[in-house]
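Asker: First to last, the protein sequences are chains A and B.
Residue 0 is where the first sequence starts when you use numbering that gives the first Met the number 0, and the numbers rise one by one after that.
Residue 0 is where the second sequence starts when you use numbering that gives the first Met the number 0, and the numbers rise one by one after that.
Keep in mind that the hints were calculated from the coordinates and are not lab data.
As the structure is a computational prediction, the values presented were derived from the model and not from experiment.
Honestly, I wouldn't trust all of these hints.
Claimed, not checked - Going by beta-carbon spacing under 7 Å, a handful of chain A positions derived as facing chain B:
#1 ASP65
#2 ILE103
#3 THR117
We treat Cβ as the ideally placed atom computed from N, Cα and C, and that holds for glycine.
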Amino acid sequence: MILLLVAVCAPLGDSCLSRGMTRLPVISLAHPATLIAAVFTPFVALGIVLLIGFFASYLTALSWADLTYVLPATAFGNVIVALLAHFWLHEPISLERWAGIVLITLGVGFVAQGPSLTERPAAQAPALAEATEAAVEIKQEQAL
Amino acid sequence: MTIPFPAAQTGFWAATGMIAAVVLCSTAGEVLTAAAMKSVGDLDEIRARSGLKGAIRAVLTCPLFFAGVSFLALAFFSLLFALNHLNLSLVAPASASLTLVTNAIAGKIFLKENVDRRRWTAAVLVCIGVYLLAH
Chain A
0 MILLLVAVCA PLGDSCLSRG MTRLPVISLA HPATLIAAVF TPFVALGIVL
50 LIGFFASYLT ALSWADLTYV LPATAFGNVI VALLAHFWLH EPISLERWAG
100 IVLITLGVGF VAQGPSLTER PAAQAPALAE ATEAAVEIKQ EQAL
Chain B
0 MTIPFPAAQT GFWAATGMIA AVVLCSTAGE VLTAAAMKSV GDLDEIRARS
50 GLKGAIRAVL TCPLFFAGVS FLALAFFSLL FALNHLNLSL VAPASASLTL
100 VTNAIAGKIF LKENVDRRRW TAAVLVCIGV YLLAH
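Next up, chain A with everything else stripped away, as it sits in the complex (with noise of 0.2 Å):
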């Protein structure tokens, strides 16, 4: 769900922005307090939104499962941003870019069979002591 999260936030939010900032006029450096006022735009709002669950998404991730998990996996988001363009927006999406679907799809159902998650020495030791200290109290209550 988090990994979705990620996946689907910052294409959606890169988009809105994209979106956002095209449909207003030319902002001079001249005009700084025009880029502020742009933030306040519906489409440009939901694009800072959007982006800021995208980073609590990730961060989130990342404080369970491995970078090398996470960075492939959501990946996920190109394709459902082409798919968007061409069942939404009537994009036509070229032989390269169906190919390119094709192998992300098959990267991510890769590394999603595997394990999210390295197991760390430190991560075992506690379970290997919780462990001992179990088999030390079914001798000791085999003793009584």
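For this one, chain A is given, so just place chain B on it according to the hints.
Answerer: Just chain B now, kept in the frame of chain A:
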């Protein structure tokens, strides 16, 4: 090697340097952020224990997190600089796909992640896929 305009004016080695800067800064940022989040612990558990404020405090009091965000900001400005000299159709796919491979290498070396054959295959497949999709 033919590089599309305006990269043709920039030169091959300058273009390579700009893309390398984006990739390296981005990789450093991702690895530092990942290390920060591992040191903080499972955010879902922290949020269940101390609420949303507790989770935000746990992240914001981690110095590694700020180091990671600084490198990500540096990567963003390197990207803007590269886009000022090179075409988007060259910079975006090249940096996005190369970052996946460098992250796999950095994850194995610095984060000691178990990058097995499955993850290498996924990284390479996604890398080629992103290049084809964005090119």
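Asker: So, for every hint listed, does it hold in this structure?
Answerer: We went through each hint and held it up to the structure:
1. The interface hint given for A:ASP65 is met, as the beta carbon of that residue sits about 5 Å from the closest beta carbon of chain B, less than 7 Å.
2. Restraint check, A:ILE103 versus chain B: the minimum CB separation of about 4 Å is within 7 Å; hint holds.
3. Annotation: interface hint on A:THR117 holds; nearest CB of chain B at approximately 4 Å, less than 7 Å.
Checked against the numbered hints above, the structure breaks none of them.
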